[in-house]
Structure formats: structure tokens, C-alpha cells
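**Student:** Spelled out from the first residue to the last, the chains are:
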Amino acid sequence: MIVEVRRYASLGASGTGQLPGDPQDVELEDGATIARLLEELALPPEAVHLVIVDGRIRHDREEALRHGARVALFPPVGGG
Amino acid sequence: MDPERTGVRMDRMLRVNMTDRSATFEPLPAAYRNRAGRWLTSSIVHDEVPASCHPLGPNNKVIFSPGFVTGTAAPTSSRISVGGKSPLTGGIKEANAGTGWGRRLARLGIRALVVEGQSTDNRFWLLKVDTKGATFEPADPWVGKKLSEAVAAIAAKSGGKERVDVCAIGVAGEHRMGAAGVCFTDREGRASRYAGRGGLGAVLGSKGLKAIVVDDSGAADVPIADKATFDSGRKKLAAALGEHAITKPKGALNSYGTAVLVNILNEAGGLPTRNFREGRFEGAAKIAGEAIFAGNKERLGHDLYNHPCSPGCIIACSNTWHHKDRSEHTSCIEYESDWAFGADCGISDLDQIAELNLLCNEYGLDTIEIGGTLGVAAEGGLWKFGDGKRAIELVHEIDKATPLGRILGNGALITGRAFGVTRVPHVKGQSMPAYEPRAVKGIGMTYAVSTMGADHTSGYTIAPEILGVSGKLDPLDPKKTDLARTFQYATAFIDSTGHCLFIAFAILDIASGFEGVVEECSGVLGTKWTMDDVGRIGKAVLDLELDFNRRAGFTAADDRLPEFMSREPLPPHNGVWDVPDAEIDKVFAS
Ligand code: SF4
Numbered sequence: 000m001i002v003e004v005r006r007y008a009s010l011g012a013s014g015t016g017q018l019p020g021d022p023q024d025v026e027l028e029d030g031a032t033i034a035r036l037l038e039e040l041a042l043p044p045e046a047v048h049l050v051i052v053d054g055r056i057r058h059d060r061e062e063a064l065r066h067g068a069r070v071a072l073f074p075p076v077g078g079g
Numbered sequence: 000m001d002p003e004r005t006g007v008r009m010d011r012m013l014r015v016n017m018t019d020r021s022a023t024f025e026p027l028p029a030a031y032r033n034r035a036g037r038w039l040t041s042s043i044v045h046d047e048v049p050a051s052c053h054p055l056g057p058n059n060k061v062i063f064s065p066g067f068v069t070g071t072a073a074p075t076s077s078r079i080s081v082g083g084k085s086p087l088t089g090g091i092k093e094a095n096a097g098t099g100w101g102r103r104l105a106r107l108g109i110r111a112l113v114v115e116g117q118s119t120d121n122r123f124w125l126l127k128v129d130t131k132g133a134t135f136e137p138a139d140p141w142v143g144k145k146l147s148e149a150v151a152a153i154a155a156k157s158g159g160k161e162r163v164d165v166c167a168i169g170v171a172g173e174h175r176m177g178a179a180g181v182c183f184t185d186r187e188g189r190a191s192r193y194a195g196r197g198g199l200g201a202v203l204g205s206k207g208l209k210a211i212v213v214d215d216s217g218a219a220d221v222p223i224a225d226k227a228t229f230d231s232g233r234k235k236l237a238a239a240l241g242e243h244a245i246t247k248p249k250g251a252l253n254s255y256g257t258a259v260l261v262n263i264l265n266e267a268g269g270l271p272t273r274n275f276r277e278g279r280f281e282g283a284a285k286i287a288g289e290a291i292f293a294g295n296k297e298r299l300g301h302d303l304y305n306h307p308c309s310p311g312c313i314i315a316c317s318n319t320w321h322h323k324d325r326s327e328h329t330s331c332i333e334y335e336s337d338w339a340f341g342a343d344c345g346i347s348d349l350d351q352i353a354e355l356n357l358l359c360n361e362y363g364l365d366t367i368e369i370g371g372t373l374g375v376a377a378e379g380g381l382w383k384f385g386d387g388k389r390a391i392e393l394v395h396e397i398d399k400a401t402p403l404g405r406i407l408g409n410g411a412l413i414t415g416r417a418f419g420v421t422r423v424p425h426v427k428g429q430s431m432p433a434y435e436p437r438a439v440k441g442i443g444m445t446y447a448v449s450t451m452g453a454d455h456t457s458g459y460t461i462a463p464e465i466l467g468v469s470g471k472l473d474p475l476d477p478k479k480t481d482l483a484r485t486f487q488y489a490t491a492f493i494d495s496t497g498h499c500l501f502i503a504f505a506i507l508d509i510a511s512g513f514e515g516v517v518e519e520c521s522g523v524l525g526t527k528w529t530m531d532d533v534g535r536i537g538k539a540v541l542d543l544e545l546d547f548n549r550r551a552g553f554t555a556a557d558d559r560l561p562e563f564m565s566r567e568p569l570p571p572h573n574g575v576w577d578v579p580d581a582e583i584d585k586v587f588a589s
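Protein chains in written order, with numbering that gives the first Met the number 0: chain R, 0 to 79; chain G, 0 to 589.
Each hint should be verified, as a subset may be incorrect.
In silico contact screen, one side only, chain R against chain G (beta carbon under 10 Å); selected entries [unchecked claim]:
#1 Gly-11
#2 Pro-43
#3 Pro-44
#4 His-48
Note that these hints are calculated values from the structure, not bench results.
Just so it is clear, CB atoms sit at the ideal spot from N, CA and C, and this is done for glycine as well.
Use the sequences and the hints to build the structure in full.
**Tutor:** In C-alpha cells, the structure reads:
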């Protein structure tokens with residue numbers, strides 16, 4: 000299956016020529032979890048503070064993703 | 000021992016009467032001895048301003064108060080609170096800004112500067128405050144001028160920006176417009192830091208006070224009653240700020256500024272777009288903090304991290320945006336301003352957003368209110384969403400004070416009325432900030448009940464609802480009654496300390512940091528406050544404000560979000576505002 004990933008702020012894919020937030024298709028085995036996606040992207044789990052899947056904030060990293068999901072990854076961010 | 004009776008700080012109040020242009024120093028009344036910042040501005044408004052007065056009449060007052068620790072070595076503590084009765088909401092108002100101005104006032108031993116009366120000669124005046132006292136001179140040369148020019152000239156003739164900071168109103172305030180903010184100089188002397196919300200600039204304009212310059216040269220340090228406790232506290236806070244990923248050097252705020260939130264709210268479906276019609280903006284990535292960082296890097300040829308807006312800030316979240324020729328265009332494009340002119344106006348060009356931001360700084364306008372107003376104006380057919388050139392022309396109308404400009408300059412509600420628009424995102428007449436209530440329920444409750452009108456800084460529930468700071472809550476869960484209350488109490492306390500609210504990201508997660516803040520305050524005042532006093536003080540502040548608003552005529556019916564939010568589903572979640580009125584009424588019921 001393929002998920003559409005957006006890496007924001009300091010998680011932006013450096014060296015790939017992509018800007019933070021440019022969508023990136025990632026191929027994973029069916030039923031792969033959020034944790035598995037981070038592994039595929041070689042992102043240390045603790046570097047990713049927030050995962051938003053199809054507009055919903057997801058705290059359980061063992062949750063399975065679905066084909067076509069929009070996945071947004073953020074480091075700790077704040078503002079106002 | 001009664002914690003209210005141990006204070007040793009011998010501060011003064013400066014009372015300025017614009018009717019006869021007198022300035023009198025008074026001892027700080029005993030009842031106010033341990034109050035500062037928002038607690039003190041709201042106390043004085045509550046105790047001295049008739050709740051039924053016309054906000055632009057002679058009986059309203061504008062009160063300035065630095066926080067408990069402003070002027071000391073406490074990190075990120077150069078905030079100044081400004082209070083009065085708001086011409087926008089008709090209720091009490093406290094707005095605060097980061098600036099050396101408050102620090103200088105604190106060093107002069109002035110805990111509160113109260114501006115009252117009203118000039119009767121149709122002229123504008125400049126007030127100068129220094130160790131010798133307070134004097135007036137005519138402000139004629141700066142009336143009608145851009146704020147950057149006025150403020151630079153005032154600073155230059157008063158000893159230079161190293162020596163003074165300036166507070167001033169722009170053209171919008173001179174014309175008594177409801178969206179007029181109070182402008183303060185930043186650490187570099189830019190006219191860029193605003194106590195923006197609620198129209199307090201118009202109140203100063205109504206009094207004939209154009210600017211206040213504060214010179215603290217020769218002033219003694221702020222006295223500290225218990226240095227050991229103070230030092231212990233400030234070290235704990237500095238450690239928490241230096242450690243937390245959001246507030247540390249080259250952390251999220253220092254790198255990307257507050258506009259780093261654009262993408263996160265967009266992904267969460269809570270970024271109000273085109274006047275709160277949608278929760279996602281297709282141009283979000285182009286205007287976000289990351290794009291500001293990348294755009295500056297491309298234009299300047301190097302990474303540009305953000306700067307402190309005010310002396311002693313170690314978070315340093317304030318950004319600049321640069322023209323293609325590398326010269327500075329504007330500072331600061333905050334998340335709120337970026338969203339207001341960007342997503343809310345359907346504009347995805349950072350240069351146009353920067354120009355709109357600059358114009359608001361030059362004319363003395365609240366960016367949130369003006370962005371919200373432009374969104375409503377687009378609904379009303381005055382321009383098309385996304386047409387940045389036309390949006391810029393409309394803001395120039397405000398400077399010219401044309402009839403159209405005066406309507407726009409009085410904010411979203413007035414503009415909606417003038418153009419027959421029903422989709423007006425506001426509470427109590429103040430336009431909504433950059434978080435969509437239908438997608439983030441706790442902030443919606445906060446907007447509803449806040450004593451300030453729609454205001455995200457009253458209680459930043461976004462931290463646990465979206466950012467995963469101090470908890471992990473579901474933003475769509477409507478059960479946020481207790482959250483809305485406790486966050487508003489904690490915030491009212493922080494707003495009284497003189498610290499920037501952005502310390503909250505660190506101290507909500509790192510308990511020793513919050514203890515440090517309480518110790519700093521006790522250290523300055525000589526009190527024995529504990530964490531229990533945070534809620535007590537916060538509640539005391541809110542109780543004063545709620546009582547003022549009640550006397551000003553507000554009822555539960557005013558604690559409601561606009562009707563369209565209960566009727567129109569918001570994409571992408573397609574939910575409506577569904578928090579029951581009875582729950583909203585419980586927030587401050589106890
Ligand atoms: S954190 Fe940002 S807004 Fe707050 S005082 Fe520092 S620079 Fe100013």
C-alpha cells in the first residue's frame with residue numbers, strides 16, 4: 000500500500016530537495032503501523048512528537064495505516 | 000502569615016490626567032501591593048472605571064502595568080499589560096506586549112501608569128516619563144505619520160533607542176477605530192510589538208495621547224525582597240526554557256517562529272480558511288513558518304534564526320521577512336497575522352502577507368482583527384478572496400480614514416453589519432483568532448467565555464488539544480469545561496507575572512519550571528506563594544473581570560459562538576459547533 004507523507008519543520012526531508020511539507024509517497028506492506036512508517040523513513044520515534052492521520056491526531060503508534068492515508072509528522076512545535 | 004501582607008516592594012502609581020495634562024505620582028495603594036500586570040490593570044479597571052461608561056469617553060481609563068518580575072533578571076519577562084474598557088467588546092480588556100518599555104517603567108518603580116480624562120483641545124500629546132518625573136509636549140509633528148517614522152523620531156529626540164522605548168498609537172488610534180492597537184518598540188527600536196486586541200489604541204486616541212516615551216537611565220534596579228528565592232526560581236525557569244524542545248535555542252519557536260503552527264492546524268483541519276468556511280487551506284505550506292525560514296534563507300543566502308522581541312527573552316521567537324533585495328520587509332509575521340492575511344483571506348503569497356502585516360504596524364492596527372475583517376469584507380463583495388493587491392488597497396483606505404476605511408477599521412462585526420454579512424466569526428465583537436472552534440472544541444469554549452471576547456491567549460488549550468503539550472486530548476471531544484477554566488486561571492496568573500505566555504510550553508511540561516516562576520514572584524515580592532496560589536490568583540483576576548463585564552451588561556447570551564458555526568459543517572471533518580450552552584455556562588459557574 001501507499002501512504003502520502005508530509006514531514007514538517009525540522010523533520011523536513013533534508014538532502015532530498017524537498018521543502019518541509021511537500022508530499023511524499025511511501026510504499027509499505029498492507030496493514031503497516033505508524034511505528035513501521037517511521038522505521039521506513041529512518042526517523043527515530045522520539046524525534047516525531049505528533050502524528051496526524053487524515054486530520055486526526057494519533058497517539059497510538061501501533062495503529063495500522065490504510066492505503067492512501069494522509070500522514071503528517073511533526074517534531075515538538077508551539078506558537079500562538 | 001497572610002501571603003498578601005508580606006510585600007516589601009515600595010512601588011508607585013503614576014496618574015496622568017489628559018483633561019488638565021497633570022501627572023501625579025502616588026504610592027501604590029496597600030490593596031494593590033502584591034498585584035501587577037493583568038491582575039493590576041484589571042483591578043484598577045474594575046475599581047475605578049464605571050462599567051457603563053462609553054469606552055471612548057472621559058470616564059474610561061487606560062492602565063499600563065509591568066508584571067511582578069518585569070525589569071529583573073527573570074528570563075522572558077519583559078511584558079507590559081495594557082487594560083481598559085474595550086471599544087470593540089464593551090467589556091474589560093487586557094492586552095500585553097513584549098517590549099523594553101515595560102521593563103523601563105518597572106525600573107522607574109512605576110507599577111501602574113493610569114491615563115484618565117480626555118484632552119479638550121483636539122490635539123495629540125506626547126508624555127515623557129523618566130527619573131525626574133513626567134512631562135507633556137505637543138505631538139503634532141507625528142500625527143498622521145507612519146508609526147515607524149513617528150517612533151524613530153520620538154526615540155531619536157529623546158536620547159536614542161538604547162536609552163528609551165516608545166509606546167504609541169497610529170492613525171487608526173487617532174481616528175478612534177475599534178481595531179486600533181497599542182504599539183511598542185521592540186529591542187531594535189522597531190514599531191512592531193503590539194498590545195493589539197480590543198481597540199485600546201482608540202481609547203488612547205480618544206484621550207489625545209499619541210505616545211509615551213520612557214527613559215530609565217539613572218534608575219535603580221527593581222528591588223528584590225528575597226534574592227535567594229528569586230535566583231532559585233529564575234534558574235529553574237531558565238533551565239526549563241533551555242531544555243524544552245519548543246522553547247530551547249534553535250528549537251521550534253526560535254527556528255520557525257509561531258507560524259510553525261500553520262501546517263499543524265492545517266493538517267488537523269482546524270486552520271480557518273476564507274472567513275471560516277473551511278478548515279484547510281491549499282496554500283498553507285507556502286505561508287507556514289517553514290516557508291518563511293526557507294524564503295529568508297533563499298533571499299539572504301544563510302539560515303536566519305529568530306530574535307528576541309524584548310530584552311531578556313531567551314526563547315527568541317520574533318521573525319523578520321526580507322525582500323528579494325535582502326532588505327527587511329517586516330517584523331514580526333506571527334502565526335496569527337500570517338493566518339489572518341493568509342488562510343483567512345485565501346492569500347498564499349508571503350510578500351503580500353508581509354505587506355499587510357507591515358501596513359498594520361504602520362497604521363497601528365490589530366492584525367487579527369484586520370485579517371478577520373478582510374475575510375468578512377470578501378463575503379460582503381468588497382474584494383475576492385486571494386486578491387492580495389486589493390486587500391492591500393483596502394488597508395490603505397483605513398489610513399486615509401475614508402468612510403470605507405473607517406468601517407473596516409472598526410473591525411469584523413461592524414463590517415459585517417455594514418455589508419449584510421451573517422458569517423461573522425467573532426465573540427463579544429472581537430474577531431476570532433486562528434483556531435477553528437468546530438475542529439478544536441476547547442478553544443471554542445475559551446472563545447465563548449473569555450472576558451476578552453474571542454481570544455486564544457485567554458487560555459491556550461491548543462497546547463493539550465493539538466500540540467501534545469501538558470497532555471494529549473482529542474480536539475474534537477466536546478468535554479472541555481474544566482480545561483477551559485483551569486487554563487484561563489493559569490493564564491491570568493502568567494499574565495500577571497510579566498512573563499511571555501510562551502513560557503507555558505515549557506512550564507506546563509516541566510513542573511520545576513512552573514515552581515520557578517512562583518518562586519521568582521515570591522522572591523521579588525517577599526511573599527510565600529506556592530503552586531496553590533497560581534489558581535487562587537488566576538481566579539481572583541477572572542472574578543474581577545467577570546464582575547466588570549456583568550456590570551457592563553454582559554449575560555450568558557454573550558458567551559456564545561456565532562450561529563453559523565452551529566449550522567454549517569466545516570470541512571474536512573464536517574462537524575458543527577455542538578458544545579451545549581449549559582456546558583459553556585458551567586465554565587465559570589463555580
Ligand atoms: S517568546 Fe517571542 S513573543 Fe515572547 S517575549 Fe520572547 S520573542 Fe517576544
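**Student:** Which numbered hints does this structure break?
**Tutor:** 2, 3
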